[in-house]
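From these two lone chains plus the hints, build me the complex, please.
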Amino acid sequence: MRPAALALVAACAALIGADPAALVREVADYDYGKDPAAVRELESLVLRSASGTDPALERLLVAGLASARTLAAKDAFCRDLALLGGVGAVPPLAVLLAAPETAEIARYALERIPGERSAAALRQALGRTSGAVKIGIVNSLGRRRDGASVDALKALLVSPEALLAAAAAEALGRIGNRAASEALLGAPASFANADALLRIAEQPDADRSAIYRRLVSDGRGDAVRAAALEGLARSDPARALPLLRAALESGAARLEGVAARELARLEGVALAKGMTDLPERAQVRILAALTDAGGVKVRPVLLEVASGGTEAVRAVAMSGLAKAGTTADIPLLATRAATAAGEERAAARAALADLRADGTDAAILQLLPGAEPKVKLELIRAMGGRGITSGSEVLLSAAAGADRTVRVESIRALRETAGTAQMPALVALLVKATAEGERRECERTLAAVIRRSPETPVAGVIEAYRAANAPAVQVSLLNVLSAVGNSTALEVVRQALQDPAADVQRGALNALANWPTPDPLDDLLALARSTGDATRPVLALRGYIKLAQIPSSRTPAATAVLLGTAMTVATRGEEKKSTLAALQRVVCPESLDVARQSLSDPLVAAEAKVAVETLERALAFVKQ
Amino acid sequence: MNRRVFLGAGAAAVLRADVLPGARVSLGVIGAGWMGLATMKIFMTDPRVQVAAICDIDADHLKEASAAAPDARTFHEFEELLARPEIDAVYAAVPDHWHAAVAIAAARAGKDIYGEKPLAHNWAEGKAIVDAVRRYGRVWQTGSWQRSLPDFRFACELVRNGRIGKVTRVEVGLPAGLTDWDGLGRMVEPGAPPKTLDWQRWLGPAPWVPYAPARVHKTWRWNYDTGGGSLMDWVGHHVDIAHWGLGLDSSGPMVVEGHGEPSTHPIWNTSARWRVTARYAGDLTMVIAGGYDDVRPGTRWIGETGWVWVDRSGFETSPRSLAGSRIKPNELRLPATASHHRQFIDCVLTRGETLTPAHVALRSATPGYLGNIAMRTGRTIRWDPDRQEIVGDAAAARLLSRTPRSPWSV
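Just so you know, the sequences run in chain order A and B.
Residue 462 in this note's numbering sits at position 462 of the first sequence; the count goes up by one each step and never skips.
Residue 160 in this note's numbering sits at position 160 of the second sequence; the count goes up by one each step and never skips.
There's no promise every hint is true.
[Unchecked claim] 20 Å max Cα-Cα, derived EDC-like pairs, lysine to aspartate or glutamate:
| no. | chain 1 | residue 1 | chain 2 | residue 2 |
| --- | --- | --- | --- | --- |
| 1 | B | Lys127 | A | Glu202 |
| 2 | A | Lys577 | A | Asp601 |
| 3 | A | Lys609 | B | Asp182 |
Keep in mind the hints are simulated off the structure, nothing from the lab.
The structure presented is a predicted model; accordingly, all values stated were derived computationally and were not measured.
Looking at chain B on its own, in the form it has when it is part of the complex (with noise of 0.2 Å):
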């Protein structure tokens, strides 16, 4: 047993004996939007964090951070954050493109790092930063926190322990649709981009395109060069519960198919309605689905003698008087936390390991990226879950990667 589940075993395993009393750690933040914001705040409500460092290289966000942590020094550039010795974590919430550049960046600087999901732009990214975290030896957290929440660690901790019988079919259901939250979906025209916004730093290792708002903030989700769709922006969650309450930490799909329907808005291209089929070894279906009424969303464990539904909004299961069950000592029990962004503060003191380390998210990320080359390129991918590589499809393969803007290289 790893002292992640050792730990992390019991009703009252959200201690973590080994924090050392009036530990504290110095916290960057690096991208202060969205979610950068709204995470940040979580992380100051714990008092062993002092937000020291703030960097974004858009001066709306800065200031608006700024002023939410006035203590904290701020920074436009990412390297100036990562040069300071007394930042000993980072929290990373950059747009997809930037995941890896930044993620490798800190590593190499020995902070440890909580980042976004999915874990990168591509597969290859997300290799990059699995292989710079194990090689620096540090923390990392994927901000796939559902497996904090009682509900889904209950729901998975039944399928592991066969309350179900044998699992054949996983369905997940994703939020569909392209969605406009700021209504900037119109703003197509490439045109100067506002003064408080670094366009080419914004760009970064991403392809060259001229500025228009409809490719910023928040929406860059919806545009391959940046983002990967809304299935790739939901993978790292209920794909990651799926693969959770499978065991399938260390494995993923051997076949993956996947039809999308194409976008016709001028800039976003990736697809606002799609499903994904990923068969796994043991006659294992995996249905990841957005905009389908069929798969709800969710997931939703499928085994020969009943099922287990799990989402934000409930918990079901089949029959009902699994939802009462209990879990023994002498089960396997999956690690409980109070909070995930506290766990990785746990584990940045005691040097233990994360629930979602990055070799993890990248595997709870796989059918994400490869569901997506599935669909564009109309062809079943085969996988080969142990080498992690595709199997005779060299144009699909090319798919995995791509080659980052000058001077960028990850």
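The following block holds chain A by itself, in its conformation from the complex (with noise of 0.2 Å):
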């Protein structure tokens, strides 16, 4: 090797620290079960070489592979003539082909190395070689494409082995040009040759109609005559038409699925014609697929299929309303959302929520008034699916309304409409409601409002709550703003701890368990740790386990910290496996020493156990 060029792999290798002669010298010497150090130090000077192309490294790795001792090494050597090796690497690596221990290495190197030298090696081998190492050859020459060896391989494509005809017929899909198409055509008919003119058949410049007619007739099974029913659909739909509509009525279900599609985008609506003499399972690929391709145009046909036809034909039409629909259809939905069942019904209340014709809010707040109560209902959800923000004071009048359906739909609804405009409104029904569901339902739309609002204005809350006298509407008015979370209603919730009534004490320390942040941890913590009431220190504990598993920009030692302490502080063995089931998650030394010190806790030994394994075992990565 000349000096300069040594040179210059040379520095390439100071690079990582290496002398690549001593490197090659090491991996020579290189075999499966000893420290592969050198073999990935030689690989990484091979990858970072800038160039792909770097003939002194190349003539090391050559001469490497012919003083390699072992198979290991030499597969070492060609893996990395795969990178980097150029015509220099041919004539060695055409030696290893030759021989069955090492004709698969030096393949993986010869078909990734450019140029006809590599090529006619390939080439050349075929003749001699048989099995596994012919067959690699054969995907090899396909895979780069090599026109050269088109008839070569055309004579394979009659091997009686399977599997080389098979390859040979591979080989040519790949290649795929005319002199390969050719022979395919011209061979007997398998599905290894119909899935490779299915690969020519995708170039520009092939016959399509021509591979694809054969392929629908003669296409070895219903994968491939849809492919080709498709692709004829594409490239020649006249011919494809008869086919297609030949297709739809096959019993096929493939075949079928095609057609639908194919004949929907060529024909449009006027293949809805004569539609309901057809099995159900058509019809709705038929109303599916006209959908999708028609747009509004299909919007008649919807609507005739929508008063007859079985339940699943007509909740396709409820569904293809949402898209192809006008306002005009609103009251058809909202009745069958409110009267039809099953797939019907639901396919109307998604309609109703995404319809997307223009006018479509207004004309659903204009339909409410008069509406029939289940309709009305109806209406009510759809506002809240849409987010009707215009309709919110409408909604407030409905949910203080007389009749309980309505007024518990409207407050659902008010969840995803109302404002801070409506704030106080809520607050009173909050307050005035009687039964606990509805209050609930307040207490949700609420924290809804005041969490959408990005000044989360939590005083009217807190007013209600100095204010109020019943307990179960001051533990309301608490669960509101735990829902909520911020400084201001962390005050007031701390507050109400110290409360006189105890449902308010028990509330207000509920609420904490359930704070949305860690913020209370210290709070939760004072709790537990308090004596008195028995239950408290036990809803305290579990609260203060729960927020310590909320996301933060704690460190995970940390969070091992804080989960230590609960098991510190925890007396029963409930609280003690919610902690270590916490523990596992939290994937630290500092846990694994906390689940470790459990280890001799008779309540929880088993649990410490499995805790340790899992720590263990998520903590035994390689250290670097």
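So, in structure tokens, the structure goes:
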């Protein structure tokens, strides 16, 4: 090797701190099970060779291959030559290709070395090899798209070895030129030939129509026929139409699906003519395909079948109206949502929520006053689903009405529509609510509205809490503050812990235990350590364990300390088990320490063992 | 608007109205190990699904799976399963190096496919899956199931609808390390495989190496012959979500840089700690890191007016009020699904498009493929996202594919 070239390789190697010649010598002695450091270092040198054509390094690798003492060493050099090899590597690789035990590793490199010499080496080996080696070479010639090998591959199409014949077909499909196409069309029909022809048909200059027609009639299975039918519909629609019509009633699910989709694209809503004479499955497919392809033009068809047909067909019609319908269809959708059953009802509800037609929101609001009670409920539900903010005042009126079902549905809809302007009225609704379920709905709606507002306005809720006398109302308002979870709310809940009413105290504790941030951790820990009431420390500790697991910027080690504290405070098995379960999700050595300390605790020894094993496994990654 | 968005748009859009009542799907399970068995049981909770066949080349796995689905036929090789005409769809939970061979054979056999992430062992094999699925009109769902969880969808909807303004940076935190789940990491000496494992078949398209326990179940992820490290193991989750939130399902990065700390384990050669930076059009930078404290686990989009973070453990926004905002019908709404697995079955029955079709999975995995190439070559990789090819670095481009062991061809 020339000194200058060696200097270049040495410079590359210096970047990763290696002497390339020494590395090559080490790799030549490598065997499986030995330290692979040199193999990896040499590979890294090859990978980092910026140009990918480094003759000096290539010569070193070739020399290394010649001196390799084991199969593992030869494999390592071949892998490197697959990344960096050029024409200089071809002769020694061609020698290895001829030997069964090294043919594979040589082929990996030869396939990837660009140029005619490596291709010729592969072609020349074709006639001298057999079995898996030969199949591999066929595969490589195909992957290289080697046009010069078409004749040789054509001869293999009729090989009695099925795997070899299939490999030849696939290789010809990859090569994809006219000669390859003709070879495949002239060969006996087989699945492999069909697959290869489908690939060729995707080439820009292929005679697609001829290939697809051949495969539709002689495609060896529905999968190929369906693929060919779709291809024909795209490339030669006139010839495809009668075949698509026939496929629609073929009874073969794959062909029917393609036929419905392509006919919908080609014929539009005309496809629906006479549709009701077809089986339900075909009708459903046609309607779905028309909705996808036809847009608003399909609306009359959908309305027609919406009044007849099976439940499945009507359900598809309802779904289709979400895309193709107009505001005139809202009464139909709302009525079906109120009166139909099963999938049709669900589809109608979804369509009301999704209807894209201009003016839908206004039309729903207009229909609401005069609607039948059941239909009214569906319209209110749709107002929520659509987030019609302009309807919030209407919903507030309905939420204060006499009908309980309407009230609850309106409160739910307000969760999606109301803003801060509606907050006083929502607070009033909560205070007035007499049924627990209704009050709960008000809680959720209030919390959602406050969270949605950038200012998180809790003043009205706090004011109402201070003015309230009934503990149930006070607790409900504390729940709202808990769901909001800001610092102002936290102060009020802390004060509520000192309330003379036991129910309010308990409500405040629950509010803290369900807080959405870890802020009340210290409060809960203090309560968990308190004495007196037997249940209070337990509830507080459960809340503490829960809040310690909320994602935060704290390190895993810090979380492990929190959970370790919980272990020391806990006296019952239930809380200790919860803590150990939580520790397993906080992967750090500190968690493992806490879990190990519990191994001798008779209440949780089994759970601690599981936690220790889990954490040990999780932590057992290779340290760099 | 395509069918996927239309049908999935509404609050009640978990419904697929064009699924015929009483419709059934006969499912074949290919690979019944760790993920395979667990996910097979999820599929079995869908009354429309009958697990009709299971195959595995580990007899222990096959026995355990067969006990869970006693009516299913069992096979050693997947070709036998694919030849059964009664099988409509397959769930493939095989190691990465087998993804393409199994998936392409399934597509050719006319089966719909639920395949695990990442899409394939390398980019070229992923592209081959995309082509085969398209060629045969198959339904494909990738196991990037976070797209079916409400928090992830909502986070993406907030970002897609401009709630945090123009997004300039995305941080994706992935698990680091080379986890030794079953304590086999020290068993690196070559030896005879157990009689229950067909080692040659397990290797399949990967280069031949002698059996060692550390190479096989679960930890195959940590060797480049069979996996792509933690980066590729997780790219189909959090990077997939990052792309979804940015509307990048048909695009990709333009420049990728990466650094990974080399492994010293005798068999596991993927990096245990790494950092990849991908630059996209529009001055967008994505940082994907494993083992760096400054990048929080999960996905965080940072925009000009705020940020959104989501992970399996939670969902946060800045300003906080963003979490309470709602997506209106006239805004961009992403498909809502009740379950990733059920949505696949819906699409098998309706021929609709899934949440994570193969071509999307390839785009989601591409930053990972390029990141590993950048790490290994130490070079900045330039990528043309339209032509999907590496620009100006033929040596790096060789790493987009590899030669499968004979007789496999993908």
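Outcome of the hint check:
1. Proximity of Lys127 of chain B to Glu202 of chain A is assessed by CA-CA distance (about 15 Å); at most 20 Å being required, the pair is judged to hold.
2. Between Lys577 of chain A and Asp601 of chain A, the direct Cα distance comes to roughly 11 Å. Compliance with the 20 Å bound is thereby established for this hinted pair.
3. Using a Cα cut-off of 20 Å, the hinted pair Lys609 of chain A and Asp182 of chain B holds, with the two alpha carbons roughly 16 Å apart.
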